[in-house]
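K.L.:
Okay, here's what each chain looks like letter by letter:
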Amino acid sequence: GQQVMQIPQYQHVQEGEDFTTYCNSSTTLSNIQWYKQRPGGHPVFLIQLVKSGEVKKQKRLTFQFGEAKKNSSLHITATQTTDVGTYFCAGTGGGNKLTFGTGTQLKVEL
Amino acid sequence: EPEVTQTPSHQVTQMGQEVILRCVPISNHLYFYWYRQILGQKVEFLVSFYNNEISEKSEIFDDQFSVERPDGSNFTLKIRSTKLEDSAMYFCASSVIGMVTGELFFGEGSRLTVL
Numbered sequence: 001g002q003q004v005m006q007i008p009q010y011q012h013v014q015e016g017e018d019f020t021t022y023c024n025s026s027t028t029l030s031n032i033q034w035y036k037q038r039p040g041g042h043p044v045f046l047i048q049l050v051k052s053g054e055v056k057k058q059k060r061l062t063f064q065f066g067e068a069k070k071n072s073s074l075h076i077t078a079t080q081t082t083d084v085g086t087y088f089c090a091g092t093g094g095g096n097k098l099t100f101g102t103g104t105q106l107k108v109e110l
Numbered sequence: 001e002p003e004v005t006q007t008p009s010h011q012v013t014q015m016g017q018e019v020i021l022r023c024v025p026i027s028n029h030l031y032f033y034w035y036r037q038i039l040g041q042k043v044e045f046l047v048s049f050y051n052n053e054i055s056e057k058s059e060i061f062d063d064q065f066s067v068e069r070p071d072g073s074n075f076t077l078k079i080r081s082t083k084l085e086d087s088a089m090y091f092c093a094s095s096v097i098g099m100v101t102g103e104l105f106f107g108e109g110s111r112l113t114v115l
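As given, the protein sequences belong to chains A and B, one line each in that order.
This note's numbering puts the first residue of the first sequence at 1, with every later residue one more than the last.
This note's numbering puts the first residue of the second sequence at 1, with every later residue one more than the last.
Keep in mind that the hints were calculated from the coordinates and are not lab data.
This structure is a prediction, so every number in the text was calculated from the model and none was measured.
Glycine included, C-beta positions come from ideal geometry on N, C-alpha and C.
Treat the hints with care, as some may be off.
[What the hints assert, rightly or not] Examples of chain B residues lying across from chain A (beta carbon under 10 Å, computed):
| hint | residue |
| --- | --- |
| 1 | Pro8 |
| 2 | Val12 |
| 3 | Lys57 |
| 4 | Ser58 |
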């Protein structure tokens with residue numbers, strides 16, 4: 001079945017440093033979504049990318065969907081303590097099943 | 001702001017017992033889902049539900065699991081005979097439209113502990 005892997009699994013950064021998580025799917029995706037889960041919380045939708053090569057920005061967050069629609073990345077510029085959490089990509093191959101990636105846990109130290 | 005609500009927030013049960021987890025999706029949403037997350041691991045798809053029937057299910061969703069929308073508001077997940085490995089956080093989610101283009105709204109989760 002479809003597998004979605006993310007690297008790194010964990011990332012510790014100093015506040016102000018940049019952070020990137022990479023997402024790779026074993027199959028071509030119809031779209032890719034990104035979710036953030038705070039410690040002890042539930043996944044919260046961040047964004048959706050649909051087009052090949054698409055890039056979207058939300059303030060300090062930049063999301064990219066690969067040309068082959070099999071990979072994606074999330075880049076955070078100048079991390080803040082409020083960015084702490086686990087970031088999941090999630091993709092669908094076209095059906096009604098959204099497969100989550102393995103997640104990247106971000107810790108931000110002052 | 002509309003939200004997905006789940007009950008109970010935490011349930012402890014003995015192995016072999018039946019458990020029902022309840023969810024009230026956002027009122028104008030048409031697609032409903034159950035996911036589970038074992039502590040510290042990824043969010044795993046269990047089942048999607050649309051138009052009063054299952055539209056997709058995962059390998060995890062075996063004969064021990066069932067879902068139901070008994071009335072116009074509730075969406076339930078039943079585990080007939082719980083096993084130790086069913087211990088996890090179970091998230092209900094809903095969306096206005098299907099996953100191909102739709103954002104999922106998650107509830108706070110129901111933590112199931114099987115002893």
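K.L.:
Hint by hint, note whether the structure agrees.
P.N.:
The hints, checked one at a time:
1. Pro8: 15 Å, violated
2. Val12: 18 Å, violated
3. Lys57: 8 Å, holds
4. Ser58: 7 Å, holds
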